[in-house]
Amino acid sequence: MSHEILIVDDAPNIVLSLEFLMKKEGFAVRSVGDGEEALRAVEEKQPDLILLDVMMPKKNGYEVCEAIRTNPAWKGIRIIMLTAKGREVEQEKGLALGADDYVVKPFSTRELVLKVRAMLGLEDATPA
Amino acid sequence: MSLSKSRKERLVVLTILGVLALDYPLLALFSRAELFLGIPVLLFYLFGFWLAFILLMAAILKRKGVEKP
Amino acid sequence: MIVSWSWLAPLISILYLGLLFAVAYYADWRAARDRSLIRSPFVYALSIAVYCTSWTYYGSVGRAAVSGIGFLPIFLGPTLIAALWWLILGKIIAISKRNHITSIADFISSRYGKSPVLGGMVTLFVVIGIMPYIALQLKAIAVSLEVLIRHMDAGWTTNVPFVPWRDTALYVAMLLALFAILFGTRHLDASERHEGLVAAIAFESIVKLGAFLALGLFVTFGLFDGFGDLFGQALANPELARLMTFEAIPGGYSSWLAMTFLAMMAVMFLPRQFQVLVVENVNEGHLRQASWLFPLYLFAFNLFVFPIALAGRLLFADGSVDPDTFVLVLPILGRQEWLAPLVYLGGLSAATSMVIVEAIAMSIMVGNDLVLPFFLQFRKALREDLSGIILTIRRGIIVVLMLLGYLYFRLLGESHTLVGIGMVSFAAVAQFAPAILLGIFWTGASRRGALAGVLTGFLIWTHTLLLASFAKSGWIAVGFLTEGPWGIGWLKPEALFGLTGFDPITHSVFWSILCNTGVMVAISLFDRQTAVEQIQAQNFVNVFQKGARGGNEYLWSGFVSVRELRHLLARFIGPLAAEEDFAEYHRQRHLQPSDDAQAPANLVAFAEKRLTGAIGSASARVMISSVVKGEELDLQGVMRILDETSQVIEYSQRLEIKSRQLEAATLQLREANEQLRELDRMKDEFISTVSHELRTPLTSIRAFSEILRDNEDMDLVERRNFTDIIVKEAERLSRLVNQILDLAKIDAGRMEWHEVEVDLPLLAREAIDATRQLFDNKAVRLINKVPEISCRRMADRDKIMQVIINLLSNAVKFCSPGTGEVCIEWRETGEGVGLAVVDNGPGIPEGELEKVFDKFHQVNQGGMEWPLGSGLGLTISQRIIERHQGRIWVESTAGEGSAFIFTLPHPEPSS
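Residue numbers (the numbering used here), protein chains in the order written: chain A, 313 to 440; chain B, 99 to 167; chain C, 304 to 1214.
Fair warning: there could be bad hints in the mix.
[Said to hold, decoys possible] Calculated pairs, DSBU-like style, for lysine-lysine (alpha carbon to alpha carbon, straight line, at most 35 Å):
1. C:K1116 <-> A:K335
2. A:K387 <-> A:K405
3. C:K394 <-> B:K103
4. A:K371 <-> C:K1116
5. A:K371 <-> A:K335
6. A:K371 <-> C:K1154
7. C:K394 <-> B:K160
8. C:K1081 <-> A:K370
9. C:K1116 <-> C:K1048
10. A:K370 <-> C:K1116
11. C:K1081 <-> A:K335
12. B:K160 <-> C:K400
13. A:K357 <-> A:K335
14. C:K1154 <-> A:K370
15. C:K912 <-> A:K371
16. C:K912 <-> B:K106
17. A:K371 <-> A:K387
18. A:K336 <-> A:K405
19. C:K394 <-> C:K912
20. C:K1048 <-> C:K986
21. A:K370 <-> A:K387
22. A:K371 <-> C:K1031
23. A:K370 <-> C:K1088
24. C:K1116 <-> C:K1088
25. C:K1154 <-> C:K1116
26. B:K160 <-> B:K106
27. C:K400 <-> C:K912
28. C:K1048 <-> C:K1031
29. C:K986 <-> A:K405
Simulated from the structure, these hints should not be mistaken for lab results. Source: prediction; values computed, not measured.
Starting from the given sequences, assemble the full structure and let the hints guide the process.
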């Protein structure tokens, strides 16, 4: 059984790198470039985990996160915010809105992979 | 007595004109012992100008239409 | 002859006066029934013709017979000044009506702080100056009657001896006094007009004009064969021909000018003229018609003066007849039994109208300004009805004035020609002109200035004309004239300070008016006016301004009950009239009359004005101050009240301004705050945006670097691919850092600028070459429309190049491959020259146009790859162009492409 990851980011090169990382871990991957597309993609097929960028055109990460959390049917979706803003307020805002975790750009690829695996309850996961 | 500005200006100019016309040196031009139409030149000029002055004044002061105070 | 003219002439005189009484009585009767006879500009103009006295009637001909047209200025002056009556008299009438002023003395006194001294002085001078004039009229009546009787009865030879009981002048004087008393002193409030008097005067003006014109026609066409014949005969006589030129006028042109001036003033300021023009004026609008009707009257009156004079000279070539009696003798000579008495009556009407009006005017002045102030001082304590007493005083004054005139005529009369005396009176009255004319146009004219001016003028008049005439009459030693008083040469009355070459009148007018005006202006300029003076000055000068009349109310700060005030008024104008006035006052203001209440300030002012009408402004003030308790009349207090009021007004105005300023400041503060907050927000945003912009390429670089590190087994193509991404992102990152540094440098003013002469079109071509590759890569066409010209500007070459390249690379980014087209064009406008980069990309929505130059602004374009630019290029371009005083802007229609344009200003002409 393969977990599905939805990658949401407006920077194509970052998406590319994330796709590579996730595919390498054996996850199914879908990726979109903005918040609206992200919600459509979730409606279409519920992913197990979303890697969600904050600063995006149309709908930003917080709004997407909030929208997903207000729908009880999507309760099981894990969300990891990818934030460029290092300030604590921003991170806490994400957590308050229902994100499960966050990573700060530029992130360590290993750390990210570990976080994703842990979030999905895979055995070798270790907390960050 | 309320008059429009233009009438006032005309009357002031008329007065100045009158003072000039009825004094030296203009009067000296007519100070001659000659008759004009059977009347002494000086007398003719003085009374002629006098009457013209009065008629002009009457024309300026004539009530024409409604004047705002 | 059956009838004797020695009783017939007095009889027709008495009958004529009876007719006059009847006219006056009828007019009064009509007025009492509200069917006034005199409410017409024609009657008004005719009443002004009281100006033409027996001096005009007999004297003009007398003067013309010896000095040609020298009599004319006396009538030309009034004609000229009538054109300015709207300016002078219009104002004087308005002032007098609003302030209940009833005489020239009261007018001057009221203007200068209601000064009793000034009023008294003016009155005294009027009496001295006008008395000879009244005497002159009486003399004219006596002489004309005598001539009529003598010649009609007995031909030329009989010399009628003087018999006291036949002294007609005395009887006529007493009859005129009776007339003046009956029709001029009926009620006390002199500001109530005397309709009977005015009607009688107007009637007399018709009689004298009619009689004179009839005589003129008779002389010209009866005794001679028309003007041509008369003037022709005169021209043949060298002595008479001389009368037709200026040579005959003693004093020549200067005398002509002086007399014109005197007549201008006299027609307005002689007491009788002021009476009919101002006090008896029914309707201020009548002045308009009268301004030309009255000169027309004068014109008609003078038409035959010169012909009659010449006729007299021609017919009495032997000089046996006094020219002053030509008017009467000519019809007698012509055996015109009807014309002669008519002409006599014309002369009588001219004399009587003058005497009557002058007597009434002077009785008001003497009563209010000379007698009453003394009387009130002694009788202040008496609480009784004074209106009867005051009227009695006035009647007495009229009788006394008549008797004085008669005595003057008896004592001095024989020594003067008629015209001489008239001019002396004119010169006396002219002394009031500076005080009046300056007073109504210049608020700075002060009481002390007016006092000194009038006094100076009058002293000079007395010295140069009055005393001189006494000397000529032999009353004082002739040495006074020839050697100067006490032998002081420069004080010679007809050559003051050695000034010679003028006739006595011109000489006197020159010195008196010069010194009068000079002294008045000089003192006024250095004087400090009292509160009352200032208030009155404002009231007079600004009479036509709204609210100018309110000033009076500040005059009274004490306490007086309504009852006391009414009682005071009742003492002077009668209880009934006072009651009515007060009721009217309350009715107009919708107030409940209450006797015990304290009178408000404007009621006190109202009562004062009513009193002014009865007893003159100075006395009225004294009387009001006698009942107003508290500070009796504290000028300091008035000043203080005025000051305080103006201060309060000023404070409240300042307060208002301050609060408005505060409001504005608050608003500014709020705006500034808003701006600060906005700046703060922008700074935050800038920092977070910068950090975002920097982190994005960093993230890619780090991610791919780690991937490469952790996946050594990657295939070569993928590896190569990722390495390329790392390089590109690193380039982007360094570009971004450079731009941020640039922008920070520009904003901080630390950027270095190297201005050299730059050829813009050339620069454009270079930029095109530099970016050619970009266009080729994306298959976008680049069209160069910049003409091959040279246009040089001082600029930083590299920075401008940066701008052009930035615009070109921006354009290429927004164009679709294949169909994309970018055009670079030359622009020349009024403000400068520059380039436009036009693309056919998606364009910019209207709302975004202004934002494209903002830092990190990214135009939202769906489906566009990210990132297309750092978002700083345009901002930097804008800064660069602004640094060159140029302008950069964008024109765009969404869906049709956009044009980015910049211009650099034309060089300044000087450089």
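Hints, one by one, checked against the model:
Between C:K1116 and A:K335, the direct Cα distance comes to roughly 32 Å. Compliance with the 35 Å bound is thereby established for this hinted pair. A threshold of 35 Å between alpha carbons decides the hint, and for A:K387 with A:K405 the separation of about 19 Å falls inside it, so the pair holds. Among the hinted pairs, C:K394 with B:K103 is consistent with the structure: their alpha-carbon atoms are about 16 Å apart, no more than 35 Å. Only pairs whose Cα atoms come within 35 Å are accepted, and A:K371 paired with C:K1116 is accepted, the gap being roughly 24 Å.
Of the pairs offered as hints, the one joining A:K371 and A:K335 holds, with about 26 Å between alpha carbons and a cut-off of 35 Å not exceeded. Annotation: proposed proximity of A:K371 to C:K1154 holds, straight-line Cα distance about 20 Å (limit 35 Å). At most 35 Å may separate the alpha-carbon atoms for a hinted pair to count; C:K394 and B:K160 meet this at roughly 20 Å. As the CA atoms of C:K1081 and A:K370 are separated by approximately 27 Å, the hinted pair is consistent with the 35 Å bound.
Distance hint between C:K1116 and C:K1048 is fulfilled; the C-alpha atoms sit about 27 Å from each other, no more than 35 Å. Under the criterion of a C-alpha separation no larger than 35 Å, the hint pairing A:K370 with C:K1116 is consistent with the structure, at around 21 Å. Restraint check for C:K1081 and A:K335: the C-alpha separation of about 32 Å stays at or below 35 Å, so the hint holds. In summary, the hint linking B:K160 to C:K400 is supported, as the alpha carbons are separated by about 25 Å, within the 35 Å threshold.
Taken as a hint, the A:K357 and A:K335 pair is honoured in the structure, with Cα atoms around 18 Å apart against an allowance of 35 Å. For the hint linking C:K1154 to A:K370, the alpha-carbon distance of about 18 Å falls within 35 Å, and the restraint holds. Taken as a hint, the C:K912 and A:K371 pair is broken in the structure, with Cα atoms around 86 Å apart against an allowance of 35 Å. A C-alpha spacing of about 32 Å is found between C:K912 and B:K106, which places the hinted pair at or below 35 Å, so the restraint holds.
Our distance criterion of 35 Å between C-alpha atoms is met by A:K371 and A:K387, whose separation comes to about 20 Å. With a CA separation close to 31 Å, the supplied pair A:K336 and A:K405 stays within the 35 Å bound. Distance hint between C:K394 and C:K912 is fulfilled; the C-alpha atoms sit about 18 Å from each other, no more than 35 Å. Of the pairs offered as hints, the one joining C:K1048 and C:K986 holds, with about 16 Å between alpha carbons and a cut-off of 35 Å not exceeded.
This hinted pair checks out: A:K370 and A:K387 have alpha carbons roughly 24 Å apart, not beyond 35 Å. At most 35 Å may separate the alpha-carbon atoms for a hinted pair to count; A:K371 and C:K1031 meet this at roughly 28 Å. Proximity of A:K370 to C:K1088 is assessed by CA-CA distance (about 38 Å); at most 35 Å being required, the pair is judged violated. Between the alpha carbons of C:K1116 and C:K1088 the distance comes to roughly 20 Å, so the proposed pair stays at or under 35 Å and holds.
Using a Cα cut-off of 35 Å, the hinted pair C:K1154 and C:K1116 holds, with the two alpha carbons roughly 18 Å apart. For the proposed pair B:K160 and B:K106, the alpha carbon gap of about 13 Å is at most 35 Å, so the pair holds. Restraint check for C:K400 and C:K912: the C-alpha separation of about 10 Å stays at or below 35 Å, so the hint holds. For a cut-off of 35 Å, the pair hint linking C:K1048 to C:K1031 stands: about 25 Å separates their Cα positions.
Taking the CA atoms of C:K986 and A:K405, the gap is about 21 Å. The hint holds against a cut of 35 Å.
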